[in-house]
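**Student:** Use the sequences and the hints to build the structure in full.
If you read the sequences in order, they're chains A and B. Those letters in the first sequence? Residues 119 to 211, per the working numbering, in order. Those letters in the second sequence? Residues 7 to 397, per the working numbering, in order.
Worth double-checking, as some hints may not be accurate.
[Said to hold, decoys possible] Straight-line alpha carbon distances no greater than 27 Å define the calculated DSSO-like cross-link-like pairs of lysine-lysine that follow: (1) A:K125 / B:K9; (2) B:K242 / B:K201; (3) A:K125 / B:K203; (4) B:K203 / B:K227; (5) B:K9 / B:K242; (6) B:K201 / A:K125; (7) B:K190 / B:K246; (8) B:K319 / B:K294; (9) B:K227 / B:K201; (10) B:K228 / B:K242; (11) A:K140 / A:K125; (12) B:K227 / A:K140; (13) A:K125 / B:K228; (14) B:K228 / B:K201; (15) B:K227 / A:K125; (16) B:K351 / B:K294; (17) B:K351 / B:K242; (18) B:K9 / B:K227.
[Unchecked claim] Pairwise CB distance ranges (calculated): (19) B:P220 / A:N138: 16 to 22 Å; (20) B:F217 / A:Y181: 49 to 55 Å; (21) A:E211 / B:E163: 55 to 61 Å; (22) A:F134 / B:K319: 51 to 57 Å; (23) A:H129 / B:R289: 44 to 50 Å; (24) B:K246 / A:D146: 50 to 56 Å; (25) B:R235 / A:N138: 26 to 32 Å; (26) A:L121 / B:D365: 52 to 58 Å.
It is worth saying that the hints were derived from the structure and are not from the lab. This one's a predicted model, so the numbers in the text were calculated from it and none came from an experiment. Beta carbons: idealized from backbone N, C-alpha and C, even for Gly.
Listed below are the residues making up each chain.
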Amino acid sequence: MELPTWKTINHACIVFEAGNSKEYLTGDWRSMRPEREDAKCVKCGECWMYCPDAAIYQDEQGYYAVDYDYCKGCGICARECKHGAITMVEESE
Amino acid sequence: MGKLTGIEVSIACSEAVTLCDVDVIAAYPITPQTHIVEHLSEQVAEGHLDAEYIKVESEHSAMSCCVGSSAAGARTFTSTCSQGLALMHEIVMIASGLRLPIVMAVATRTLSAPLSIWGDQSDVMSERDSGWITIFAENGQEVFDLTVQSFRIAEDERVLFPVMLCLDGFHLSHVIEPIELESKEDVQAWLPPYKAKYRLDPDNVLSMGAFAMPDYFSEIKKQQNEALRGTLPVIKEVFKDFGDRFGRYYEPVTRYQTEEAETIIVMAGAFAGTARLAVDTMRAAGKKVGLVTIKVFRPFPFEEITEALAGAKTAVVIDRALSVAGPGGPMASEIRSALYHEQKKPAVVSMVGGLSGRDVFQEQFIELVERAEACVASGKIPQYEMFGVRE
Ligand code: SF4
Ligand code: SF4
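**Tutor:** Rendered as structure tokens:
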């Protein structure tokens with residue numbers, strides 16, 4: 119992508135398209151990823167409530183799944199899950 | 007032709023703001039700015055001005071409210087000084103980075119410690135890198151006129167920068183002067199209602215204040231820098247247009263008796279009035295002395311200053327602010343730096359005084375000129391000196 123120059127960049131850094139932060143995939147900042155075990159998960163949704171990046175969504179079976187495009191790997195979901203259903207795993211593994 | 011009225015300068019400033027039909031005022035009272043905002047709150051309460059007057063709990067909040075209201079497209083005014091301006095500092099930078107045309111009157115006052123409520127220009131000088139258009143008024147009429155002009159300058163689509171209008175605390179803010187007050191019709195005919203080019207609007211969404219990564223930040227800053235530098239011609243155009251309409255003309259840099267002047271006093275603000283008298287006295291005694299006053303301090307008027315000083319041998323720059331253990335008075339060090347590469351330039355002698363409300367009398371200006379000339383003649387020019395201090 120060609121970056122704008124000081125002459126072509128938007129006036130005062132104004133962003134004219136609504137919601138374009140979606141295009142910015144912050145998931146690649148992650149060094150650890152949360153992994154859920156279906157057997158332990160009771161579908162309570164607490165991880166969904168706590169995720170600061172709104173990177174958790176409910177899938178068709180009612181499980182709370184992680185959107186790895188936006189999950190930054192903070193580990194809050196793993197910490198808050200009362201059922202030990204989420205484990206943080208090194209991305210390198 | 008306006009109506010000549012004996013009026014306190016702070017009140018004249020508020021009257022000008024009222025005539026400019028502002029939409030939002032967010033301010034926190036602080037001496038010596040108090041009369042400006044007190045009178046504006048009365049104007050709103052009594053129905054003379056249809057505006058929101060937001061009573062905030064601090065200056066940080068005042069400027070934050072101003073950023074919000076200006077971003078929403080409202081004509082916005084605030085006023086502060088000293089510790090209040092220092093507390094605003096964080097948001098002052100944001101207002102200019104977002105290019106919001108807020109107008110702020112600063113009744114210039116010193117900064118603590120020691121605690122003092124009296125006037126000098128330390129507060130404004132601490133904001134000189136904040137990216138605001140910075141204008142100094144010299145007398146009450148200028149405060150009235152420049153308040154009106156500040157809105158027109160700030161809101162011009164070629165500008166879109168906030169304006170800080172400086173009036174010396176007490177020495178200007180609290181004196182009563184005969185001032186020609188223009189009528190509402192005339193002011194409003196000259197200053198059309200503000201129509202924001204970019205504003206926060208739910209029907210036409212945009213985001214201001216977005217996060218910029220290192221690969222964008224420098225481009226945005228250069229754009230801001232070039233844009234602010236480019237405002238000087240527009241400021242001059244507005245000054246000219248105001249003059250054509252109201253008969254009082256302004257210049258970014260004003261020259262007084264500078265023809266063939268060997269020594270020129272350079273300064274900004276109300277004390278220049280006394281310097282003018284000192285120049286008259288010295289001229290009457292046959293001394294070739296002149297005065298240059300800086301009206302527009304940001305964007306820095308390089309050309310106007312170098313031109314005004316080109317013929318002189320000595321420029322004695324008087325700062326009512328001290329850059330503690332730095333390179334001299336802030337204005338002097340900037341002027342010295344601006345002149346550095348010029349072929350024809352005077353020696354710059356930096357004199358710091360008039361701090362915290364201490365008067366500078368006519369005789370002192372004469373002494374300063376003599377002292378500066380002696381320094382230049384001896385070839386021993388100090389980086390700066392503080393004058394009028396008990397040794
Ligand atoms: S908090 Fe744990 S148990 Fe609850 S939905 Fe999330 S993973 Fe399942
Ligand atoms: S690791 Fe953090 S960002 Fe990723 S899903 Fe869990 S709470 Fe959200």
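**Student:** Check whether the Cα positions of K319 (chain B) and K294 (chain B) lie no farther apart than 27 Å.
**Tutor:** holds (11 Å)
**Student:** Starting from K125 (chain A), check that the Cα of K228 (chain B) is at most 27 Å away, please.
**Tutor:** holds (9 Å)
**Student:** Does the Cβ-Cβ separation between H129 (chain A) and R289 (chain B) fall within 44 to 50 Å?
**Tutor:** holds (49 Å)
**Student:** Does K9 (chain B) lie within 27 Å of K125 (chain A) when you go C-alpha to C-alpha?
**Tutor:** Not OK: K125 (chain A) and K9 (chain B) at ~46 Å, beyond 27 Å, violated.
**Student:** Next pair to validate is K227 (chain B) with K201 (chain B); report whether the Cα-Cα distance is within 27 Å.
**Tutor:** Between K227 (chain B) and K201 (chain B) the Cα gap is close to 25 Å, so the pair holds against 27 Å.
**Student:** Using the Cβ atoms, figure out if E211 (chain A) sits within 55 to 61 Å of E163 (chain B).
**Tutor:** Roughly 56 Å apart at Cβ, these two residues keep to the hinted range, so it holds.
**Student:** Verify the proposed pairing of K227 (chain B) with K125 (chain A), using a straight-line Cα cut of 27 Å.
**Tutor:** holds (11 Å)
**Student:** Could one say that the CB atoms of K246 (chain B) and D146 (chain A) fall in the range 50 to 56 Å?
**Tutor:** Once the Cβ atoms are compared, 55 Å apart, the range 50 to 56 Å for D146 (chain A) and K246 (chain B) holds.
**Student:** Is the hinted range of 26 to 32 Å satisfied by the C-beta distance from R235 (chain B) to N138 (chain A)?
**Tutor:** Hint holds: Cβ distance 31 Å, inside 26 to 32 Å.
**Student:** Holds or violated: are the alpha carbons of K190 (chain B) and K246 (chain B) at most 27 Å from each other?
**Tutor:** At roughly 20 Å apart (the allowed maximum being 27 Å), K246 (chain B) and K190 (chain B) satisfy the hint.
**Student:** Could you grab the alpha-carbon distance between K228 (chain B) and K201 (chain B) and see if it respects the 27 Å cut-off?
**Tutor:** holds (26 Å)
**Student:** Measuring from beta carbon to beta carbon, are F134 (chain A) and K319 (chain B) in 51 to 57 Å?
**Tutor:** Distance hint for F134 (chain A), K319 (chain B) holds at roughly 55 Å.
Taken one by one, the earlier hints fail for this structure at numbers 1, 18, 20, listed in ascending order.
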